Every structure is written in structure tokens, then in C-alpha cells.
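*Asks:* Residue numbers (our numbering), protein chains in the order written: chain Y, 1 to 258; chain A, 1 to 258; chain P, 1 to 325; chain C, 1 to 325.
The hints are simulated quantities; they were obtained by calculation from the structure and are not laboratory data.
Owing to the predicted nature of the structure, the values given are computational and were not obtained by experimental measurement.
Where hints are given, some of them may not hold.
[What the hints assert, rightly or not] Calculated pairs, DSSO-like style, for lysine-lysine (alpha carbon to alpha carbon, straight line, at most 27 angstroms):
hint, chain 1, residue 1, chain 2, residue 2
1, A, 156, C, 137
2, A, 248, C, 323
3, Y, 173, P, 83
4, P, 83, Y, 10
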Amino acid sequence: METIQPYTPKEIMTIMAAREIKNGDIVFSGTGISMLAAMAAKNINAPESVIFFETGAIDSLLEELPFAVADPRIMYWAASNSRLTDSFATMQNKITGDKVIAILGAAQIDKYGNLNTTCIGDYFSPEIRFSGSGGGCDVASFVPRCIAFMQHEKRKFVEKLDYLTSPGQLEGKNSRKKAGLRPGGVSVVVTNMGVMRFDKDTGKMYLDKFYPGITPEKILENTEFNMDISTATRADPPTQTELKILRKDCDPQRLILG
Amino acid sequence: METIQPYTPKEIMTIMAAREIKNGDIVFSGTGISMLAAMAAKNINAPESVIFFETGAIDSLLEELPFAVADPRIMYWAASNSRLTDSFATMQNKITGDKVIAILGAAQIDKYGNLNTTCIGDYFSPEIRFSGSGGGCDVASFVPRCIAFMQHEKRKFVEKLDYLTSPGQLEGKNSRKKAGLRPGGVSVVVTNMGVMRFDKDTGKMYLDKFYPGITPEKILENTEFNMDISTATRADPPTQTELKILRKDCDPQRLILG
Amino acid sequence: MTNSLNKVIPLKQAIEQYVKNGSHISIGGFTINRNPMAAVYEIIRQKINNLHLYAHSNGTGLDELIGAGCVSKLEIAYGGNGKAAPTCIRFAQAIQNNEILFEDYSNYMMSLRFMAGAMGLPFLPTLSGLGTEILTKWGFSRAMRKSDPKIVDEKLIVIDNPFGNWTGASKVVLVPAINPDITIIHVQKADAMGTCSIQGLSFADIEQVKASKQVIVTCEKLVDKEELRQNPDLNQIPFIHVSAVCHVPLGAYPTAVFGHYDYDSRYLRKFAMAAKNPDEFKKYQDKYIYGVKDHKGFLNVVGQKRIDAIKADPRTGYAVNMKRD
Amino acid sequence: MTNSLNKVIPLKQAIEQYVKNGSHISIGGFTINRNPMAAVYEIIRQKINNLHLYAHSNGTGLDELIGAGCVSKLEIAYGGNGKAAPTCIRFAQAIQNNEILFEDYSNYMMSLRFMAGAMGLPFLPTLSGLGTEILTKWGFSRAMRKSDPKIVDEKLIVIDNPFGNWTGASKVVLVPAINPDITIIHVQKADAMGTCSIQGLSFADIEQVKASKQVIVTCEKLVDKEELRQNPDLNQIPFIHVSAVCHVPLGAYPTAVFGHYDYDSRYLRKFAMAAKNPDEFKKYQDKYIYGVKDHKGFLNVVGQKRIDAIKADPRTGYAVNMKRD
């Protein structure tokens, strides 16, 4: 029997991601929970962080939650409205790119933090076709820190991706560097069960934090590949302050929190 | 004894250049006499031609003559104010670039229409240093037709340039193509004595027109290299209509005509 | 692509004139924003087929064109359509059912490919995609590429940085230019010569236009030249790039036009629901596309109520407190 | 390069903090327009030397910096200053007298080099310059390049088009990126965070800013954030690129600022006349630069009469019927 949690899985995921965002970071955000994490960080722990969209808007005033990165809601009161070529250049350029932290989703992730957002099954004749890279491959190529949001399921934490859309540590060790990529890619994975990071030397995913009520073993059961859980500790649950700000200031209508 | 001419050398040069501009052309223009030629064409023979500056202004309303391609006078009432990277891309792009006719000046020209706007003497330790390429090299690389405005003097029409800044036909024949350049470069030279063009096969300059009162021989005397004058004919002098429009509508204060 | 003073023609005529079976085409906008939908529906009505479509993230327009069977080849970064369809449904089905040839890129790669085309270059470099299957999985075979002069011989090329380690890059990916036969965009304002002013994000519209051999602009407002000349800084597209101008109010509906109207989330959901089922989708198309004469007829079927519901607030540029479901 | 809410500091302090002996620097504007002259004069007053200057066509600012002996290395496309000096006089003399190391490019090449820097790329391609001496005459020797990690190993590289004959290009020139230590621009409007709005042509300012490790913005008007946020489409530079903001009215004088004031052709001619003669030039500098404390002091010496004479007409953005000689 688990204790009744004063927060939902979506809420703890949002707070865990928000804590990764530092003051002054430029937060590359999609929609849904990633947007909420960016807003939570700005309201809680990183007031001088800046929300940034691949479509070219920087520091928009989000009076309403956007439902897409091309939602007209992101064009209002921005510092600048530009275009795709400018926004990706901002990340490809190390001067600004090194300050970017991205929040990404995926259908599959492997032990090196590579992501698949393209298809399940054969690329040319897939069982399920997804939307494709969008800006995911670009961001994962360019910026030093990416948060991946995932549901923790065996079919999503896989030994081998059906398609490698966005680069993490590729085949581990120095393979990312050998391919010609900068240090970067997914640096932290936030799921409904815990928080995973990557070993600096091997590039392999390890369990850093498990949520209250979740055991490292349960996380392993939901992961197809083997993962080091030896250094994992229990996550500090969301504080009352964090939850209050998240609920009252970031998504009062629970459009995303549900 | 020469007959009294009803026009000045500057006026005939301007009209000769204006006649090269076709309706619908995009006229890449500098300042001074090149600007005046563009304005004359627009007012006389090419009403739908468009004046265009390397600094990024297109179809500006020139209520006053600009003294530089960054003069604020070109920013007024333009179709678009953009930037250097956009303006050169407009010429590098064949779709628009093929409609561009450029007007250039130079310190030296050779028999293949290559231009020097960099220096007299050794490049590293010159007797005279000029401004340098600016956009000249770019335009001469990209667009199919360029008008060169020159004073016809032996030290300007030289056997060998002190520095090759902007490409014409390079060493003639197919050398421009071999270097990787598109067809283009200086296609016509307008001087105070006549109009020169380039042989399609050899790439060599020949005399096309000599002005009333000027002989082909006099032009040769003022040209260091040998030039075919065998097909030259006398230029049709500026008409009364052309002169009237030039004087009344294009430079009523004679800022450039002097 | 002319400098004539008046390029205004009816949309039907513009599509007939510039979009042909087999044309290489791109459309403006991004997912649920500023897609040239009136033009898309007209292409579908004219039953133009075998299109080669270049897309970064053109959502609604892309899925309608694919759903209507107009597209046979697709180069794409992202096929999603906001909340209604995180993956475009007809797009996914066309791939799952092997109905189209397709090739995947990233959004930056596709944007750069248009930019290379706009700059008159054969390629541009990027640091994106090294080590991924975007580089290694080609949707168009080498043989097909060789046989079709309109398709570049190689998908992407990786080279060592020719300037040594300059800027810290050891390798770069070269992405080949795209020069579509025709690009269609929808803008807030254009004049009769074709100068355009886009309000809000321009996505990759500017690059797509400049890369394209012919360009159709549909506009919310057809304005006097004088109105645009008063602020040249806001005119991202000068007339020299434009072939035809069509005045089509609500021409991006059901996608959004900043400052004018929001996306119609209800319509998009209806489209997504219908897209899941072939019979429903046929009914949807018969009612909204084939059953009407033009965009006005389409908007009549949609009804004034929906148009009113999405009207933009002048302060924010979108429909404040609109019910979005 | 921070996201702090207030980056406003005095110009003197900004120059002290960001411009060092030996800095690699670029300045905004073009010939006689929007050069950051207040900053240029402050650099001269602070006797900063050994600068490595990257210029496309920065006329007035360039010639003052060279004339004052601040520059030891120069990469440049064009050294001209409008009617007053078709070739910048101190620039020409410095080269003729072997006083500086210099290397020639074209305007597009220099703009692309900043653009490559802004895009985070090691290089960009162009079709410009094939067959010219811009490619073959290097101002910086191979040995010097090798020994200085801040200078790229090769000036320009020509490669065969790796995509065969795609777009009709057989060869391309690769131009290496520039990432200056510091770029200084002057704009019409900025807010305290550093978001900037440039009115009229932006020349290569945006690329220069984004390519640069540190950026100083001087502005005609320091405005509230709210004023800029009302029209994000007019803000070409978001604050994330900016290190310091200095409020310096008339900060581009004697060059023009569209919508505010024209160039002062009389001052420019006086400067050109003085530049021809070392004694006259020393007198000029003593009076206008070294003899004053700051830009306000400089403007006092210039006198209100000249300031009034160049005031822009609100309709056209320049001084209508101004006597230009």
C-alpha cells in the first residue's frame, strides 16, 4: 500500500525538470508538460530564465498556454519574433547555445540517451509512423543539456532504437565526439518513476533519483536495458511552495496537469 | 575643330548606360553617375526597372540624390529595407540575379573586362590604395550583365591590372567558366569616348560605338591594349527627349551632372 | 517573378497557371499557423497530383494535400498538427501504407535547404544530425536520384572541416539546396506588385519564397503600395520575388493568422477524427472541399459562428479565452 | 551575453570593461551611416591599441580608429567614406606607409563571415571571387596564421561542388567564420536588457552582434521594455546577445541615424581634409577627441548649430534639403 501522494506524477515530473533549469538559462521548449516545466522554473527557481521556441519567439508573454510551438500565443509580447533559421542558429552558435537547456519528448530512448521520434518498425514500412525529428535532432546535436520527458515503460526504454532521430551519446564513450558532435544531447531523463543521468566516461544511463513510493527495482523492471542503480537515492519530493506556484501560477486551469 | 555639342560627356555617358537597362531589370547601383543612369533609365526607357542597393534597399523613392549606398535617403519609401546578406543573396540567386544589371566603376580595366578597385602598385606596399572591392567582386561574380563606367585613359585601360578585384572574362575564352564562375561580369564599358563590348568567343573587348566627335583611333590612343575597332559605328547621340528628362527630372540641381 | 505593377489574379487561375501535375512545391506556415489553406483546398479541387512536396513542419496543409492524394514524393522534417494530431494522421497512414515516397530531415536542415536555395548556393553547412539515421537512411534511392535531374544526387554529405579545427568543429553536414517550382504562402498584407508584410513569426516563409522559381502569395488584406512603403522595415518580401497575388480573406483558415484570427481547434479536431477513417474522410472531403466552388463556399459551410469564435483580440493577436479542445 | 534585467552602464566603463589592447573587434554601420562613433572616440581616448579590426564597409569609424593608431591588423572589404573620402584617407595612408597588416575581402564575403560566426558554423559557401586576387593574395602569412590561434589557418578555400553540378555550380568558395571578441553597434532604440530595434537598413549589424562573444549597444533612445515588446517584429536583436547597453544620444554623429539625424557632410569633409596632413590631423584629434571628456563634450565642441542642421525630417527620416557639400 502506498501512501497517498499530495502530488500527481505529472506534477513531480514537472518539478523535477524545473529544478534542472538554472537562472539565466535559455529554455528551448515544446508544448505540453515541457512548456509547463519551463514556466515553473521561471516562477520558482530561475526567474531570469528565458523561454525560447524553435519557431523564433524569445521570452514571449504566455498569458495563455500555447498548444503548439507555432501557436499565435507565443508571438505576443516577445522580445523578438524571428524565424526558424534564426532560432536554430541561436543554438548552433556556442555563444548563446551553451546557455540553452532543451526539453524533449520521444517514443523511444536507449541507454546512451539517443532518441527516436520517427517510427516503430522498419523506417520504410513502419508499423507506426510518428511526426519525425522536427527540431529535435538539431537541438540534441547542438546544446549541452537536454531534458527528456518519458513515460517509464519497457517498450520506450529500449535496447535498440527502431530509428535514431536525435543524437545522445551515440554508442557511448567518445563516439559522440568521434562523430563530430559537440558535447551535449540528452543529459537527464525525467519519467513518472525517477530521474536518470549519464555516466561521463561510458555515456551510459544510470538511475540518479527514484521517486517516493517507487523502488529502483521497479524502474529496472520497466527498462529493457540494464542500468546502474547503485548510486540512486530517493528524490526530494516537490515542496509545498513548488506545488503551490505550479498549481496557482503556471496552470491554474489544469490544462496540462489534467 | 569639333562641332559644339549640346550635351556634356557626363550626359552622353549617362544616356548610353541608361539605354543598356531594359524594362523589368533590377539595377544594382552605386552613387554618382551610376545612380543617375539608373534614374534616367527608369524615367526614359525602363519604367518598370527597379533600383537596388547592396546595403539592402529595393525600389527606394529617391526624392533627393543619395551620396552613398548607405545614405539614409535610400531607406525612405523602399519596398523593403533589409541587409547586406540579403541583398547579395538576391544577386547570387539566379532566379532574381539573372534580372540584375549592375553599374560599376574601377581604377583599371583590362581587355577581358576584369576590374581593379584595390590598388596601384604592389598589393602589400602600394603607391595608391583604393577603397577595395566593396560589393564589386560579388556583383561581377554573380550577375550576367555589368556596365563599367570609366574615364578613357591609357593608365586605366591597361594590359595588366595591378590587382584583379572583380572578375570579367578572366583570361578570356572559357576561363571564366573554368574558374567556376557563371557567365557574367562586365558586359559593356561606357566611357567619355565610346562604348565597348566583349567578343562572345574570345572574351576580348572591342569597340562598339564611338561618340560623335571622337574617332576610333583616338580611343585606341587612350587604350594600352589592342582592341578590335573594325565593327565600330558612331553612337546615336542622346535625343532631345532623353536630355530633357535627364536634366529636368533626374538631376535638376546638377549635383552629379555638374 | 516579374516587376509588373499588378500581379493580382484570382486564386483559381493562379493555381491553374503555376501548379502542375508533378510540380515541386512548398507551402508556408508551421503546423497550425498561416498555412495557405485556400490554395491547398484549390489544389485539391483541381485534382492536381504527383506533387513533390518539400516541408519542414507544415501541418494542416501538408495533411490535407497528402490525404487528398495530391502528393507522391515528400521531403519532410515533421508531420504534426498540434493538439488535434500530434502526428498528422493522413501523413502517417500514407507512410504506413506505402502510398508515398518520403525522406526525413530535421527542421533546421529543411530550413537551411530553402535558405541555400534562396541564397543561390548548392548547399549550406550545419553541425546537426551527425551520427543519426537522418544521414544514413535515404528515402530516394541513388538510382532514382541519378535518373531524375530535379532530385539531388546525394541526400546529405559529411565532410571534415576544411579549416582544420576552426570554431571547434571537426566535421560538418552539407545540406543540398531546394529550389521549388512553386511556393505558396499566406500573409497578412500584400500590395498588387507583391510586396508582403508578415506579422508575427515568419517561420521559413521568406526563405521558401526566395528559393522558389514561382511564388503565389495569398493575402488577408490587399493594401495600397503606399501603406507598405511607409514602413519598409516590416516588409520581409519585396515584390521582385513574387509571381501572383491573390486576395483571399480567411485564406489560412482553419490555421491561425496572427493579428487576424486563431486556429479553429474544433475544425482541426473534426479533420483529425475524419482522417482516421477512409469513409469518414471521403465524407469530410466531399462536404468541405469538393462540394464547394471556392474558399468563400468553404467558409459558408464552416459558418459564420466559427469565424466569429476565432476572431483575434487586437491587443494580443489571438482569440483570448477561446474554447480550445 | 547575460539575461540580467539591467545591462545599462556608462560608455566609458563599457569600453574599459570589454575592449582591451589586442581585442578582435567589429563595429556596426556602413560608410557614413550608424557607425558607433561615440564608442569609437572613447576607444581612441582610452588609447586602446593593437586592435584586430574586422570590417565590411565601416567608413567613418574605421578611418578614425586607424588614424588614431588603434588598429594593427585589418580584415576589410571596403574603406570608403562617401563623397568626402571615396577612399578613407587614413586607411589608405596606413597601407601605403606599411603601418598595418591588412587583408582584402568582398562585402558579401565579410558579411557571410559574420553570418557564419552568428550561425555557429566554421564557414559558409559563396560563388563570389573565383579567379580573383582576393583569393590568392593573403595579407596574413601562413606562418603567422599557424602561430596565432585567433586567426584561421587559410584565408579562403575553393572546393568542387560536392553535390556534382547541383544548382549549376561547379566550384564554391568557402569563407571562414569570424567571432569577434567584441562588437559595438549603435541603434535607434534599446531597452535595459539589451533588446534592440534598428530602424532602416541593418547592414550587417545583426550578424556582427550574433557572431560576437561580447556586445556593446549604444542607443539613441533607451526605452522601456514595454515599448519594444509591443512590436516584437521590429526587434532584430533579442537581449540574449547583448552584454552592455549605453544610452548615448547622437552616439553615431557625425554619421547618420535614420529617423533621427543625417550625416554631417561638413564634419566629414573637415575630417577628410585634416586626415591628409599629419599636423592637421593631430590638431583635429586634439580638439575633437583628446581635448574632450566624453561624447557630450565632443558635441559641445561641434556645436548645436550643426546638430540642428542635420535633424531628420519625421516624414523621410533624413534632413530634407540639407546643404551637403
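*Asks:* Each hint needs a verdict: does it hold in this structure or not?
*Replies:* Okay, the hints, checked on the actual structure:
Straight-line distance between C-alpha atoms of residue 156 (chain A) and residue 137 (chain C) comes to about 22 angstroms, which keeps the hinted pair within the 27 angstroms bound. Distance restraint check for residue 248 (chain A) and residue 323 (chain C): the Cα-Cα separation of roughly 20 angstroms lies within the 27 angstroms cut-off, and the hinted pair is therefore satisfied. Simply put, residue 173 (chain Y) and residue 83 (chain P) have alpha-carbon atoms about 38 angstroms apart, too far for the 27 angstroms limit, and the pair is violated. With a C-alpha separation of about 18 angstroms, the suggested pair residue 83 (chain P) and residue 10 (chain Y) falls inside the 27 angstroms cut-off, and the hint holds.
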